[in-house]
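Engineer: Chain by chain, the residues:
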Amino acid sequence: MEWEVVIGLETHTQLQTKTKIFSGASTAFGSEPNTQACVVSLALPGVLPVLNQEAVKCAIKFGLAVNAEISPRSVFARKNYFYPDLPKGYQISQYELPVVGKGSMTIQVGSGEKAYEKTIRITRAHLEEDAGKSVHGAQEGMSGIDLNRAGTPLLEIVTEPDMRSAAEAVAYAKKLHDLVQWIGICDGNMQEGSFRCDVNVSVRPKGSEKLGTRREIKNLNSFKFMQQAIEFETRWQIETLEDGGTIQQATVLFNPDTGETRAMRSKEEANDYRYFPDPDLLPLAISESDISAVKAEMPELPEAMKARFEAQFGLAHYDANALTGSRATADYFVATVNAGSDAKLAANWVMGSISAKLNAEDKEISESPISSIALASLIKRIQDGTISNNAAKQVFEAMWTGEGDADQIIESKGLRQVSDTGAIEAIVDEVLAANALMVEEFKAGKEKAFNALVGQAMKASKGKANPAQVNEILKKKLGA
Amino acid sequence: MSLNSADIKRIAHLARIEVNDTEAEATLSKLTGILGLIEQMQAVDTTGIVPMSHSQDVTQRLREDVVTETNQRELFQSIAPSVEEGLYLVPKVIE
Amino acid sequence: MINKSLKQLGAMLQGKEISSVELTQEFLNRIDRLNPAINAFITLDKDRTLAQAKRADEMLSAGKGTALTGLPIGQKDIFVAKGWRTTCGSKMLETFIGPYDADIIERFDASGAVNLGKTNMDEFAMGSSNETSYFGKVQNPWDRSRVPGGSSGGSAAAVAARLCAAATGTDTGGSIRQPASLCGLSGLKPTYGLASRFGMIAFASSLDQSGPMAKSCEDMALMMNVITGFDKRDSTSLNREKEDYTRDLNKPLAGLKVGLPKEYFAEGLGADVAKVVQEAIAEYKKLGAEMVDISLPNTQLSIPVYYVLAPAEASSNLSRFDGVRYGHRAKEYGDLMDMYCKSRAEGFGAEVKRRILIGTYVLSAGYYDAYYLKAQQIRRLIAQDFENAFKQCDIIMGPTAPSTAFKTGETADDPVAMYLQDIYTIAVNLAGLPGMSIPAGFAPSEDGKRLPVGLQIIGNYFDEARMLNAGHAYQQATDWHTQMPEGIE
Ligand SMILES: [Mg+2]
Ligand SMILES: [Zn+2]
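Chains as they are written, first to last, in numbering that gives the first Met the number 0: chain F, 0 to 479; chain D, 0 to 94; chain W, 0 to 488.
Heads up, some of the hints might be wrong.
Said to hold, decoys possible - List of simulated lysine-lysine pairs, PhoX-like, C-alpha gap at most 20 Å: (1) K17(F) x K231(W); (2) K274(W) x K261(W); (3) K91(D) x K330(W); (4) K3(W) x K274(W); (5) K8(D) x K132(F).
Hints listed in this document are in silico derivations from the structure and should not be mistaken for laboratory results. Owing to the predicted nature of the structure, the values given are computational and were not obtained by experimental measurement.
Let the hints inform the model, and build the full structure from the sequences given.
Structural biologist: Below, the structure written as structure tokens:
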């Protein structure tokens, strides 16, 4: 039987606020245990939550970014369960009326010929508080509880089960990761847990409409693990069904060491969260003017920027898409253009050499040793004919390794191309004289011979001759 | 909706309160009485009535995102049952 | 002196007839003598108390005194006070020392009042008799074999026995008004949102409000000026302009329209209580008030609605008591689950556990709509009853409780009978309205004791000044509120 995997994601993004969602305690990462656990974080008797306006603003930003409905009225609810890192015995979350409703996001899956676009529906996004952390090994048989993180604002973003492969799920997660950073609501730091994905996976016979029983892979904090976990889980579910077994709904954890998923022990019992509206918090009202105020602060969104790149710079759809894959990439590209570079050349360089280098060295574009201004100065030298494309590659390599700026390197390496017509004519004459056979072949109709002659001329000039001029002069001399 | 003592145990477990069999039986009779009292509500037709969570029709006031809390770990942990190196100690949490 | 009002004692302090330290010491001496039997106070800290009195004397000498400066006030042990043991009447918090101050504690501190000690209460405010306190029952000073009412029974008994000049209480379903009624004092639950809940250990968050318990309406007005006011730490605190609750005390009552709900005078009301309440109504007519017959048709439903909503909220509010960060942790336990279950089984008393279980049940999967949602819908009907009633009248009057103080142990084993005590008070909490009880006379018990009866006055939202005016006018015309139990001299 042919199987189809169905995937939906729930992503917890930590919002970039200075203080917790319901108290004035700091959210800074990495402090000594429990030094950022105030009376509210500790759930001391008698304390009450007061909502952070910045968290609400972040939710509105996200809603606007995915073209979602932003609820004029949303409600905070209590999700009741006991866990030592959950000090109140309930998590304040949103249940029936979330702050952000239905929206969507378009993702690009794969690359090259096989690349395709797909729209993923966002079901909702809601505000909630993070839990604390359990630290193991403090004492034999004991766990230590650190509540510094308890109460950190989260936006939980939930999709419809719209993804059909691990690749699609990862593409969505990456795109979302880029987007939340793009709009400045989340630092995207996956190691520190700022962006965590829960992935719901089920399988069904291809063509079937009915959803299979799903298992939820909890807390994936790397795209690589997500890929591995989904692939393992999919295989496991298919094998289980093919062996005549059934899938039990479960929460599972991914073990990066074994590459396997296993059901969590502590969640064996059926959860009964007893949600009800939190009586300590009144309904959250968001007006049109609140939304307009946030809109005014929003950066240009990737979709809009993509369309603008196509229209304004004549970039291809694929290129515009790639350049708007992350805010940092887009900013870099725009800065390069603003520094005087031709847009198409800039696009080629950013997606070509820069991206290849970054990939090879596992670096972010913000860490690029060649700044956007430096790249623009290099491209300008191509534009004004100072160097050839080939020479530019050499200059780029040298710039990357910190040998200096473009002009310095061009000078020191003597890469300035020869554009003096007389000098090039002399070289061409020499080449024609030395390669009579090729000239014969060309005249007999062998087009390739022409290219070979260009190559010889370039070689003779040690790559410094302006190739366009070489072409032109050669054509003239051959009477072509 | 009538309860039995297995229900009591299930609810007590959800609420993390240990009850033995005798307690469950005693609790059962009391809870059944209370639920009988509550059951009066079912006679009322509430179709279309908006549930009332708060007595005032006001909305959430928002707080500025400014740090106001300072570290008081020592004070707060002075009333804790068990702490070590700034952490609250509990029996091992199993995932 | 012990029978003097806050107003009178305040004047003595201002006039240097007595110092706050002397006054405070006098009450502390009375507590030493009478409290071992009455058990109204469960935590005293004489050093802290006298230090506050000393500070108050300094404020007074410096001419910085307010109306309450130097006056010793009993604080219900539901309010977290920094450095004070705060137990909420529970074993769970037997050793809990408050690490911060509740809003109400801060406000009394700022006024220069003296915290005389923490008063006994039903455990986590769940009860109408003060019999559920882990720290023992409280005696009703009018008849020591009877309950003082609850949950603010310690505060009520303390004021009745003149162990303090006034005290604070909290009222979720009648916990200020019913003990005030049973102990012969004045008690007021403000409009929901006027008094901050910050630092008041939550029972049912959407119903809880703190308020004054004192000998007179005039004293309550002075306390209301301190207790109420916006607090940004409580999201449900209302941001309104500060009011002076003494402003209307002396207004004439002529033309005041008083609504008498027929449901409050129907079956279930004790004849002795009915008689006293009718006499009070006759007195109000003499004062110029006009009586209007009204109906609050959903009154009966307030009990089931309350006993769904309050336990539901409580079950969740009390989840934080898990033995991890503070509070009782069982001595012996196995794994984490065992630690939770044993700590909570040991730390909570029977009534609290019952309510947690009821609350857990009504919120659990499959029952939410039938219970919780339904109760919230009927809650709206109950609020609408009042909305309609206030179209016909200015204030509403009736009994506070169906009976006078009952014998200790009488209903302790019958929660349903106990819950019916709250029939006239609960609807006010559900609607979020202000409600008040004032002494209206006495009913004799079989054994010849005089048992106080309270008259309940319910106002429209934010109408506390008018209610206090109505109460004060009555207290000018009668002397029920100045009478003292025997045997407390
Ligand atoms: Mg989730
Ligand atoms: Zn979540």
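Engineer: Decide, hint by hint, whether the structure agrees.
Structural biologist: Against the structure, the hints:
1. K17(F) x K231(W): holds (19 Å)
2. K274(W) x K261(W): holds (15 Å)
3. K91(D) x K330(W): holds (17 Å)
4. K3(W) x K274(W): violated (29 Å)
5. K8(D) x K132(F): The given pair, whose Cα atoms are some 30 Å apart, is violated under the 20 Å limit.
Hint violations for this structure: numbers 4 and 5, all remaining hints satisfied.
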